[in-house]
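Guided by the hints, dock chains H and R onto chain Y, whose structure is given.
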Amino acid sequence: MVYLVSESDFRNRDVVGTRDFTRDQLEFIFDKTVEVKTNPNTFKDKLKGKEVTLIFFEPSTRTYNSFLTAANMLGCTTVGFQDPSFSSYGGKGESLYDTIKMFSSYSDCIIMRHPAMGSAKFAAEISNKPIINGGSGSQEHPTQTMLDMFTIREKFGKIDGLTVGMIGDLKYSRTTSSLSYALTNYNVKIIFIAPDFLQVRPEVEAYVKQKNVNFMKTRELSSAINELDVLYVTRIQKERFSDPDEHKKTKGFYQVNSDSIKGCKDSLVILHPLPRVDELSTSIDTTKHALYFQQAENGKYLRVALLSLMLGG
Amino acid sequence: MVYLVSESDFRNRDVVGTRDFTRDQLEFIFDKTVEVKTNPNTFKDKLKGKEVTLIFFEPSTRTYNSFLTAANMLGCTTVGFQDPSFSSYGGKGESLYDTIKMFSSYSDCIIMRHPAMGSAKFAAEISNKPIINGGSGSQEHPTQTMLDMFTIREKFGKIDGLTVGMIGDLKYSRTTSSLSYALTNYNVKIIFIAPDFLQVRPEVEAYVKQKNVNFMKTRELSSAINELDVLYVTRIQKERFSDPDEHKKTKGFYQVNSDSIKGCKDSLVILHPLPRVDELSTSIDTTKHALYFQQAENGKYLRVALLSLMLGG
Amino acid sequence: MVYLVSESDFRNRDVVGTRDFTRDQLEFIFDKTVEVKTNPNTFKDKLKGKEVTLIFFEPSTRTYNSFLTAANMLGCTTVGFQDPSFSSYGGKGESLYDTIKMFSSYSDCIIMRHPAMGSAKFAAEISNKPIINGGSGSQEHPTQTMLDMFTIREKFGKIDGLTVGMIGDLKYSRTTSSLSYALTNYNVKIIFIAPDFLQVRPEVEAYVKQKNVNFMKTRELSSAINELDVLYVTRIQKERFSDPDEHKKTKGFYQVNSDSIKGCKDSLVILHPLPRVDELSTSIDTTKHALYFQQAENGKYLRVALLSLMLGG
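Residue numbers (the working numbering), protein chains in the order written: chain Y, 1 to 313; chain H, 1 to 313; chain R, 1 to 313.
Chain Y extracted, bound-state conformation:
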């Protein structure tokens, strides 16, 4: 296969949002991820002597620890914090600007999660080292999307031709925003499943439309379940609601369980970026449709691949 991209395209590159990546670049990352998953030992200590900063201004388990695992496997050392409250940022009112300036002088790459939209782009402008966006407010979570799409490709052998439903809090979820952007590189159909007040944000919808991707919006899973190849479930992003009353309205609004997927394709795959709370029943876990634990595990391989491409060999 001939690529229009090469490893050098990724060297010291920022990973801020999924719109910055072409289809060929995404496929290049997925192929590298296959390499990692097949021959993990060839990546061991590949980045020895490099240092990676992890600064997380919001709680995380998977993103933080899979990046840490990836860095460990590549032989990188790490600095930073998993909890900002005991940093100067949280404890003494230091600016994000100064925080980024400092870490970019200490290490070779900064992986950051921050509640503000635009925070990753802001960091990339300040830093002279590459930034990886580990989640910026409700806006983007590009490495999550990469591992989501890698998991879909791994399962179906391709992404073209699939119908992908996204259900849940599409308004505040950065995972579905990033995924929607990235899917426009493929010949897919997207179905956004949410009540009106949690539906896909206008700018995401506009982007999908502009890219001529086939999509529709619906309130009910039942009206779409029979045609889905992939059902992507997201948690209500409690932390994004400024109005607690609005959040209360969402309580028990939807749950994906054995009942709600009745009539689905035999090959339906259910994904979830995790953590889940009530929106995805554990009764799904043991069905053949559940792919979210494998998806979470793929995060490790994808992030090894990405760091390896960005920081060289």
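It is worth saying that the hints were derived from the structure and are not from the lab. There may be inaccurate statements among the hints.
No copy is singled out in the list; a pair is fine if it fits within one copy or between any two copies.
[Stated by the list, open to error] With a straight-line Cα cutoff of 27 angstroms, these simulated DSSO-like cross-link-like pairs (lysine-lysine) come out:
1) 37 <-> 211
2) 209 <-> 46
3) 129 <-> 50
4) 265 <-> 288
5) 44 <-> 129
6) 101 <-> 288
7) 50 <-> 101
8) 92 <-> 248
9) 265 <-> 217
10) 262 <-> 121
11) 37 <-> 121
12) 92 <-> 121
13) 265 <-> 158
14) 44 <-> 101
15) 44 <-> 217
16) 129 <-> 249
17) 44 <-> 249
18) 217 <-> 249
19) 101 <-> 238
20) 92 <-> 249
21) 37 <-> 48
22) 155 <-> 129
23) 46 <-> 129
Since we're looking at a predicted model, the values are computed, not measured.
Frame of chain Y, contents of chains H and R only:
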């Protein structure tokens, strides 16, 4: 010495509670610990390429850091959290089930501390990687017991024939529960020293009785001090009391100090799993009886030995 | 150049305060730092097999992470905590004494930050491993001073002959206390710039006077700006004020910005230990006077040099 056990008995084995270990298995671990303490360099980087997860849902200094030190010495990398509040578990309501599922897909072993009884067993059932119980509620703390008994054996050359007193909060202390179980493998006498409302839990007493171990219960240290070879002191487990008034009753109830050990054997050894608050006077620190700092240091060697046995060479 | 000092003078030495270091010893450390900055690769893995404890009882970004980066670069492993609340100290009331006793049995060096004056000295008395003071209350922060002076020497080629102004919260700032002590080894003039209630502490002033160092105190930057070679700015140490009303008085009291440095020497250098809040305008960042980001970066090299000297090769 011929063992009924071999290293292979420990490979990928869960360490949930002390009742799961035979006398021969315990001795095997102690002998391995002697090796670590004598020739630490032969263990350096022995587990290079392995990754260990540390997830602590309760505060810890010694257990967390001695496991971390042990992992570091063996050349393992580590992931996890020392404070759950910035994980998805603490920050977003993720279940323990999903947390364990994820870490077992990232790393080779999970070391967990959790306030719930049964949590370690629960984790072991979920995980396809071995679980080490770093403390489960007031129930079990098996690696603490192993290092306690190693320290006793190191001091006296044997455990058989000794009289071991345990004083303090025997009701809520997981260290004395685990120690009581494990001592039933030896020919010892156990004296439980506590006021009625803090005495040894019925199921622990029943187990000791069923194993035909010589034991007695008393309210006063003074009535037992002259026959003790080992005095094991525990902290009041403030965090285990659901009723603050009941906790207040324990205030200043007992303290082991120079006065209270009057009449003790010249060879008496005082142990404490630490941290201590008021129950063990610092005036004891400089006496020949104090062995708790050496005990804490042994935690490092014991945990190197155990990880080495579990995760192979 | 012939030194009165050699590497052996630093082996396993405590770094508690700047008054313990002679001019020759400081210069020796600065020269070693030049080596690190020029040939970082020769220091890689130089301390492999050593373990460093980092225990921080107050928030930190730079000190914590530059020590961590330095340890990583030298190939040391690390243990400890960045947030005491989930340790036994914070969570169970363990004493600092017991905490230090334990970590000194686990690792080769303890780097500690603690809000109490005298805490580092106290730790050094307990520990049988060297202590590095990463900040003790409002008293001392010796490694900060070392990197400050290294940065000055790097810029001017020397420290003798310079006029150094310190502005801000000189009463509660440990960085300016430590810097004042250390500067008495040089032929400098010190100008303390602060309102009366934030002026240099009596014991610091007395020490400077006793060492026959030329100094003056003033309330206004404007009266001193034209003669300064170095302007050292410090943050109001909000966390040191026991009376919130007294802290409020300091609000907006001073700010170093383009206006306030009018009339300065062309070669004026502005330093700040960071974090800054309002006292140093970001409008300074892009001027040739700003050296604080370079200063922060130097922290990494200085700490590699220091650890390397202390823990051997």
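Requested in this report: Classify it for me, residue 217 with residue 249: is the Cα-Cα distance of at most 27 angstroms met within a copy, between copies, both or neither?
Outcome: within (20 angstroms within a copy, 57 angstroms between copies)
**Report entry** Copy assignment of residue 92 with residue 248, given that the CA separation must stay at most 27 angstroms
**Finding:** Intra 34 angstroms, inter 16 angstroms, cutoff 27 angstroms: inter-copy only.
Query raised in the report: Within a copy, between copies, both or neither: where do residue 101 and residue 238 come within 27 angstroms Cα-Cα?
Result: between (31 angstroms within a copy, 23 angstroms between copies)
Requested in this report: Classify it for me, residue 44 with residue 101: is the Cα-Cα distance of at most 27 angstroms met within a copy, between copies, both or neither?
Outcome: between (30 angstroms within a copy, 24 angstroms between copies)
**Report entry** Intra- versus inter-copy proximity for residue 129 and residue 155 (alpha-carbon distance at most 27 angstroms)
**Finding:** Cα proximity of residue 155 and residue 129: across copies only (25 angstroms, versus 35 angstroms in one copy).
Query raised in the report: Given a CA cutoff of 27 angstroms, do residue 46 and residue 129 count as a within-copy pair, a between-copy pair, both, or neither?
Result: both (19 angstroms within a copy, 26 angstroms between copies)
**Report entry** Within, between, both or neither, where residue 92 and residue 121 count as close if Cα-Cα is 27 angstroms or less
**Finding:** For residue 92 and residue 121, the Cα distance is within 27 angstroms both inside one copy (24 angstroms) and across copies (25 angstroms).
Query - Copy assignment of residue 37 with residue 48, given that the CA separation must stay at most 27 angstroms - result: Classified as both: same-chain Cα gap 20 angstroms, cross-chain 19 angstroms, threshold 27 angstroms.
**Report entry** Same-copy or cross-copy closeness of residue 44 to residue 217 [CA-CA at most 27 angstroms]
**Finding:** neither (45 angstroms within a copy, 56 angstroms between copies)
Requested in this report: Go through the copies and call it for residue 265 and residue 158: within, between, both or neither, with a Cα cutoff of 27 angstroms.
Outcome: Classified as within: same-chain Cα gap 17 angstroms, cross-chain 66 angstroms, threshold 27 angstroms.
Query raised in the report: When no copy is named, should residue 37 and residue 121 be tagged within, between, both, or neither for a Cα gap of at most 27 angstroms?
Result: Result: close neither inside a copy nor across copies, 30 angstroms intra and 30 angstroms inter.
**Report entry** Alpha-carbon proximity between residue 129 and residue 249, which holds within one copy, between copies, both or neither at 27 angstroms
**Finding:** neither (43 angstroms within a copy, 40 angstroms between copies)
Hints 1, 2, 10, 11, 15, 16 and 17 from the list above are not met by this structure, while the remaining hints are.
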